[in-house]
Amino acid sequence: MARITISLSDDRHRALKEAAVRQGKTIGRLVEESLELYGVRSVESAAQLVARARRNAGLSEQDALEVALEEARAVRSS
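If you're matching positions, the sequence shown starts at 1 in the numbering used here and goes up one per residue.
Worth double-checking, as some hints may not be accurate.
[As the list claims (entries may be wrong)] Cut-off 20 Å, straight-line C-alpha distance, at most; resulting in silico cross-link-like pairs (EDC-like, lysine to aspartate or glutamate):
1) Lys17 x Glu33
2) Lys17 x Glu32
3) Lys25 x Asp11
4) Lys25 x Glu36
FYI, nobody ran anything at the bench for these hints, they're computed from the structure. Here the structure is a predicted model, which means the values were calculated and not measured.
Construct the entire structure; sequences and hints are all you get.
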């Protein structure tokens, strides 16, 4: 497993430690869960997720692209 060093304000660090204790988790686990909820994932992982969703929906790649474009246009125009 990779390690990373980050700089946090003292208040943020304290809040993170408190949250970890309250939830009975490590700080690393909280960070992992937060990144997952935020949608941070590798390109390969995201591509696998999209392919799985497309299969589950029974859409071809072209049909899925058309649906995605329609959705994007609808969001932009609202």
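Hint check:
{"no.": "1", "hint": "Lys17 x Glu33", "in the structure": "15 Å, holds"}
{"no.": "2", "hint": "Lys17 x Glu32", "in the structure": "14 Å, holds"}
{"no.": "3", "hint": "Lys25 x Asp11", "in the structure": "19 Å, holds"}
{"no.": "4", "hint": "Lys25 x Glu36", "in the structure": "15 Å, holds"}
Comparing the model with each numbered hint stated earlier shows that all of them hold.
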